[in-house]
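**Q** Residue numbers (my numbering), protein chains in the order written: chain A, 1 to 261; chain B, 262 to 629.
Calculated from the structure, these hints are not laboratory results.
Hints are supplied without guarantee of correctness; some may be wrong.
[Said to hold, decoys possible] If you want the ones that stay clear, here's a sample from chain A, every Cβ over 12 angstroms from chain B, calculated:
no., residue
1, Thr29
2, Glu47
3, Thr126
4, Arg209
5, Val252
[Stated by the list, open to error] Stretch-level coverage of chain A by chain B, calculated; a stretch enters the list once three of its residues show a Cβ under 8 angstroms from a Cβ in chain B:
no., region
6, 158-165
7, 173-187
Predicted, not measured: the structure shown is a model, and the values here were computed from it.
Backbone N, C-alpha and C fix where the C-beta goes; we use that ideal spot for every residue, glycine too.
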Amino acid sequence: MTDGRGGYIPRSLVVPAAVGLVFLLVPLTALVARVEWATLWQDVTSETSRAALALSLGTGAVATAVCALVGVPLAIVIARSTPRTAALLRALVTVPLVLPPMVGGVALLYLFGRSGWFGALGLPFTTPAVVLAQVFVALPFLVLAVEGSLRSTGVGYERTAAALGASRLTILRRITLPLAAPGIVAGIVLCFARAIGEFGATALFAGNRPGVTQTMPLAIYTAFNGAGVSQGTAVALSLLLLVTAVAVLLLVRGWRPGAAR
Amino acid sequence: MSGERAASRGGRDAAALRARLRVRRRDFDVDVAFEVAPGETLAVMGRSGAGKSTILQVLAGLVSLKEGEITVDGRVIDRSSGPRVRTPPMSRGIVLLGQDARLFPHLSARENVAFGPRGSGVAASLARSAADDWLARVGLPDAGDRRPSELSGGERQRVAVARALAAEPRVVLLDEPLVALDPVTASEIRTMLGERLAGVTTVAVTHDAVDAAALADRLMIIEQGRVTQSGPVRKVLAAPATDVAARIAGLERLVGIASDGGWLGGEARLRTTDAASLALARTDGVPLAAVFRAADVRLTLPRARLAATADNVWRATVTHLVPTPTGVRALTDTGAAEIAAAQAATLAPGTEVVLRLAPDLVRFVPVA
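Given these sequences and hints, build the entire structure.
**A** This is the structure we're talking about:
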């Protein structure tokens with residue numbers, strides 16, 4: 001840090017930074033400490049836990065894909081709006097973030113429930129309902145990450161590309177999206193992490209049917225509340241979720257298109 | 262001359278640009294009209310904030326016209342009314358080269374240069390090999406695989422030039438592309454630009470008379486959004502009609518009146534041997550500016566009892582002494598003189614001095 005490469009920050013910042021890091025990691029250590037290694041394998045390979053893991057990964061992947069499909073265009077529209085419109089749209093996108101997920105679940109239930117506007121679809125308490133709940137809570141993460149990256153890049157390169165005669169579609173494909181790639185990767189990571197951790201909205205809107213809507217967080221909750229099983233199962237499932245999540249995130253992080261910039 | 266230059270380049274024929282434009286700015290309207298013949302380069306000069314870059318942005322389609330019309334080879338690409346036309350930047354065939362090269366950071370130099378042709382449907386392999394040819398032409402034959410972050414500032418500008426020309430633009434706009442470069446690199450790229458832009462219709466905004474002289478056929482001076490002078494580069498630089506033009510040309514300009522076949526400004530009286538200047542000074546009382554180079558002015562300390570000032574010799578008071586690479590520029594209340602550092606040591610602001618200027622080194626120009 002003496003050659004200025006790390007900028008010039010007060011050295012004392014290391015203390016609160018360390019406190020923060022410790023606070024994030026120590027609870028996880030406590031969790032691992034409670035693992036009953038003897039029954040671990042049995043717990044994580046049980047029918048319930050395998051079904052929950054498969055459901056979590058499946059719904060999480062589909063939800064992330066949906067988020068990317070609608071979230072990236074939404075982020076582009078926000079980033080290229082006038083400042084006033086952009087501020088309004090950004091506030092709207094942020095609303096689901098500040099709502100307790102459970103409220104989101106209630107809202108989805110009112111919308112898609114039997115007496116709701118889209119009640120005829122019969123969505124509640126089905127697997128698609130799990131995906132919907134995850135999209136609802138995870139979409140803002142993706143939109144905000146991508147939008148921030150687009151806005152910091154600005155429109156200069158797009159203007160240059162236009163002057164060189166490129167069509168709007170070419171500019172999007174060859175300039176806008178590649179330059180936003182780091183933001184898109186970050187957004188997808190955040191979005192997937194949020195989706196597979198989703199509990200509140202899923203519990204209310206999709207329920208807790210093993211194999212159909214019981215994702216990992218719901219399975220952990222069920223196990224922890226001792227529905228005939230010991231807390232050891234809950235801890236084992238938590239560890240499984242943790243390891244899976246970290247593995248997926250490392251995989252996505254490893255994929256860096258062209259290491260832009 | 263421009264015809265020959267146009268013929269020397271293959272590819273698309275050069276286009277004629279004609280513009281009459283008015284744009285609203287916060288402080289004043291930019292209101293100019295000009296034409297650029299096919300293959301010709303028009304330099305636009307003026308102080309910062311005079312509206313030069315605004316003109317380029319309007320031509321590029323990034324700022325909309327309040328009033329006026331722009332045509333390229335007779336085709337209207339922008340018109341404010343009846344019927345309104347607004348061609349988007351991607352369909353104008355006008356490329357802007359700015360101070361910042363703005364190379365796409367995620368693409369190699371080759372892909373940057375190939376970007377324009379690929380966008381217009383040229384096969385990727387063909388566009389890439391053409392890009393390599395362009396890179397060779399701008400002096401970077403082996404840079405194709407390098408990323409913009411691996412190039413120096415001068416190399417980036419070279420790639421930007423190649424990228425702009427590879428897109429076969431009808432008109433090229435230059436917005437001080439050399440200003441961020443060191444003098445040596447700037448001079449090399451100026452030479453390269455001069456070669457590459459021969460026969461390409463160009464509008465070049467610059468702060469440097471050297472750029473204008475090297476690159477342009479004609480020069481247009483802009484002040485407060487209006488054209489104050491335009492014409493062949495050498496002619497404008499030799500006969501600056503305003504103070505701004507004189508500064509750009511590096512000339513001293515003193516405003517006075519014609520009197521008795523010479524120039525009179527306060528106590529100073531200048532005579533000239535220049536025939537055109539003498540013709541201008543024929544009518545007494547006509548406003549007239551005397552222009553000369555500060556380096557041609559001789560500065561001495563007044564001898565005791567210099568009774569009255571003679572022709573081409575006048576008294577002045579030093580106001581500033583500014584060191585220059587070769588000596589010192591002594592600014593006075595009436596004109597400046599380039600002097601040696603040793604002589605400057607005897608002077609201070611407020612010192613009375615006598616300035617002398619030979620009649621063959623001064624010219625008179627009309628006051629705009």
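**Q** Would you list, in rising numerical order, the hints stated earlier that this structure does not obey?
**A** none
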